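Student: What follows is each chain in one-letter form.
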Amino acid sequence: MISKFSTVRVWWIVSVLFSGFIPGTAQAQLRFQFMPALNGQTVNGLFTVQVQNTAAASYSGTISITVKDASNKMVLRAITGKTTLQPGNNFLYAEAGRSRLQFGTAAAAGAAAQTGRFPEGEYEYCFEFSGLANKSNASEQVFEDCFSYAIQPQLPLRLLYPDDGDTVCNNRPELTWSTAIPLNNELRYRLMLTEKNANQLDAAALLHNLPVLQQDNIAGNMLFYPSHAPALEMNKTYVWQVEAYIGTTKVNQSEIWRFTIGCGDKKSRTAEDSYREPGISLNGNFYIANSTLRLTVNNPGGHRSLEYAIICLSDPAKAIDNLPGVKVTTGLNKIDIAMEDIKGLETGKMYLLKIENIGNQPQYLRFIFKDDAALPN
Amino acid sequence: MRTMLFICSMFLIVQKAGAQLALLNSPQDTVDLLHHLVKEELLQQMTANPLKNKISPALKNINAATVDTLSDFLLQQLRQLGHTTLSAGNSIRTTAFQETKELLRRQITGLMQTQDIKNMFSQVTGMAKQPALAWEHGSVLITGQVAPVLLSEKSVVTNNTMVNSSWKVLGVPIILQLARQDLWGRDYYSRNNFSVQFDREAYLSSIKNAIRLKIRPADLLPDYNTVLTKIKASALSGLRSSLDSINASCKGMLTRQLQQLGDPENFFTAPEDLLRDKLLSPALLQDLDNKKNQLAQLQQQLNEGDDANKVLYDSLLGSIQVIGSVKAMLNKIESFKMAVRQNGLFEKLERANQFSEDGLREGLNDPDKIKALAKEQLNISGLQKFLLNISSLQLGLNVSDLSPLTMSQFTSSGVSASFTSNKSYVFFMAGKEKNYSSLYDRPFADNISFAAPGAAIGARIGRGALSATHAHLSLFSYKHSNNQYEERLASVVPGKTVVFTLSNQLKMNAANYFNLEVSSSKHSYDNQEHNTDSLLMGANDIKQITGQSDIVQRVAVTLQWTGEVEDKKLSYAVHGTHIGREYNNPGNMFLSRGTNELGASLKKTFSGEKLQLSARGNYRSYQYGAKSLNYQIYLQAKWKFNKGQYLAVSYQPVRSLRQDHHTTMGAIESNRLAVDANWRRRFHKNTYQHFVSLALLQNSYRADSILSANHSLLINSMQTVTRGDKSYYLNLQYNQSAGLANAAVFNTQFNAEAGCSYSLFKGLVASTAINYNSTKNWFQQAGIKLSMSGQFGENCMIGFYTWVVKNIKEQHPVNMDMMRLDWSIRYLLR
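Chains as they are written, first to last, in numbering that gives the first Met the number 0: chain A, 0 to 376; chain B, 0 to 829.
None of these hints come from the bench; they were simulated from the model. Fair warning: this is a prediction, and the values are worked out from it, not measured in the lab. Just so it is clear, CB atoms sit at the ideal spot from N, CA and C, and this is done for glycine as well. Treat each hint with caution, since some may be false.
[To be verified] With the Cβ distance kept under 8 Å, some of the chain B side facing chain A (calculated, not the full set):
(1) S138
(2) T142
(3) Q258
(4) S412
(5) Y439
(6) S620
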């Protein structure tokens, strides 16, 4: 039985892949067109069958869909309500909601009933119409087409690189995923990559945001970052997903993964930091400066640049020179001094910034330097 | 409550007084100052509240005991200022305020009346003033692109319009969002998504502000910062004088040592050993011993009447005296520090700092603390208390993400809300299921969705918040019907799936937790019936009625343990998953039935966090019929240097295979070996950064006896020179590919891009680049890229990117458009 079934299976697989459908009875006036490779994996898919009525008259009756496993045990039977098949092509989408379902005792029946999917195995799909032609003196007629197919469920599509949650320095990374199993030469992949906003869930990002990159028709399991797409931006997080499809039918999709573009620098906390105002006297306060020292200086006028010094409080003799120039204008100046530009600063140490030329007397700001870049991601 | 309010006012006075107390010479001056400040405060309150004279008679019944307690408390605080005095210049007698208690009591009573009136007034007027609907702010964001499609002459045009507006409905902040998507491709598609959500962040922020206004650290806490600082400065000044005096006695020979001591602040914080080591190193002490011996010998010679080198003698004596003076200095500093510790000044300074504005700001980042403080300190209504318990509330299109076996990345259109109150947690949702990815998928696949859209409803309840230790029960129901959706033809057999889940999380802290979920599902079709035809069905009707399935196969279990050993710089995670063959959970479309998975990850850092080793691995088996296995491993070693520089080596092997009775039916092997390095240097005013990546990829596929393989070598070099507001970059990418030469995106490619980004004028940054790319046997292209982004005024931000390319050589037509255009405009509505 199995060997005979296998022969049929192979023939049907080849036929289905290359011709799209197989009529069951050459002389029949009603032909069922079904693609088990695409639609034979789910209970819902059974109702994608099309019925071609080559007769001049319409037919009224019921359609029975029976799925059996390789040992000829019934997995399920679906019986539609009374339906009319007009001459030409007829779709059974609407019958899915009206059909009665009966599950058999085959091993696959439980999974089909619970998940709506047929487990891996060899199946025979039989579509049978039983009814009358809508013309005088018509007698009961039965048309049947059967199809066979061995279902090989798709293994979950796995993304590989960049890893989920990872931070990568390359702003044009190659995107890699695991080839879908079972292998199929007709399989193509489609990749979508979007930016993920703060407080946004991954699925919402894919749903709402405009893709930075969407590429279909990918034949392999990798996409070199296309030259036409803008480079990904530093410190931004992106989500991506890959779908596999045959023709226009989606057959698999990966999880949604996210990664961040960064080169070892922790995301600057500058935006969260407020500006500090230096004072003419020192009190017990100090603040922690990460990548940027932020301060405000009120320049009454007459100065175009800030004259300042940074003194290491634990080692005042140590020279910290080559300080970046800071331009100031008259009035309140918000100043950002990049710590990275200053040589000799050591993380964790306390420093004193002394402004020499603004105001009548020197102004001070005490801070502890914490180099985020020295910490692991 | 009233006491607390009043304490705020009185501490304000105390603080003002405290700032000047140290400068006063006599107790009477201090008392006068206090009286003045209290009067001034009263005057301000009176001016601010013209209703006082009308309402105050009703509020005269002040609790005498409260006033008495408060008076004592304030006096005690003021007296403590005297105890903290270290130097004679700030003497305040501890008995200075005894005689003022009665006066204080009277002033307190007056202030409490004023405060009560003020509160009542603000409550009444606040409620009356609350508008039913108030506009807060909003934004319009338009993003779009014209992008070429591979092997298609027609580009796809997409546009996203997102309108966000924040409102207050009876004081409750909400966000309205309209998202419209348009797509012009092979056909035209559009979609509008509308959502309303409770703006929890804004609500917490408004509560935070109210708390900040209400609870000024200086009011609530005994903040003597100013006074203490003056006392400290005075004490340090005294110490410095002593040290200078020692130096002077040594004729300035200790000047260098004094400089070495550095800022006087160090006397407070630096460990004694450090100062001692700095000034009296072991070598120096050894030298001192030698000199002592030498001096003793010279002394001996002199005592015996012999001649001795007088210059050497004086030099040795001077050196020994200097070291002796250094010891004296250190002893002075140590005794100073001991005194500071004994009188509690150091602790008081630390405490003052701890309760500074920064401390409060940090504390208010914790939502639980905000809730607790709001309930304790603010006179909030029942509705406001209820809103504090809402974790999320969304109407319209929303995504629910609870846990793997309940709902994960589940998109629906309807309502979802979660509440946390008194350790209880409630989540409920009801809505129309929407599980396709994006509108932008539509031109590419007819059957956009795996599962048919339907209705979902459910709840999750239990003890403990979702992110904390919890024990929750969930019940979700999904109803699928055969409605056509989104103008698509689809066949859906109507049915219902019910998923019941027990979730348990034990969380020690953010890094250490244990998570267990057990779930079971049951699906039934609406028109399902059992068949009595024994020829077809067999005689086992009971099995049909009970669903033909094995209940064990309808169960899923996930287990996760995440831990961190902080002192060993070690973090790890272990997880296991079993999904029964018949388990069906529409709430998580990424669960694959019949899966058994084991996974682990490990990360360890060495050498002061410079070297980081990480490993991750997953082993999966799928019971679909034939046995399918998959495992993937990721190993990485990363050396981190300062300024973001690093060198990383990673290896990622992946294996997948299908076996039927020990026969391998298909196998995939994939390996990725990569070396990444990031180097950065500063030359004068230029910063140079170079990121290099070298990756080797091997892929091989075996289906039955057919083996196919492709290998790739990827070299990526990104160099940037930054000088001021300009940066110049050169990016080179070379991807050598073998095995899939017929695929345009898979063949050997070279991409070079050189460009410059610069500031056009204030707030606007632009970049220009030339680009060359080639794909072996397909084409060679040269193009130009322009981009611009920036801000116009305070409300408008724009972004623009274009890529225009021309084929230099075309060996194989790719039929792609030669242009890409991206735009974004954001306008803030205030």
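Student: Now look at each hint and say whether the structure bears it out.
Tutor: Checked hints:
1. S138: The hint is violated - S138 of chain B has no Cβ within 8 Å of chain A, the shortest such distance being about 12 Å.
2. T142: Interface hint status for T142 of chain B: holds (5 Å vs cutoff 8 Å).
3. Q258: holds (6 Å)
4. S412: violated (11 Å)
5. Y439: Nearest chain A Cβ about 6 Å off; hint holds.
6. S620: violated (11 Å)
Comparing the model with each numbered hint stated earlier shows that hints 1, 4, 6 do not hold.
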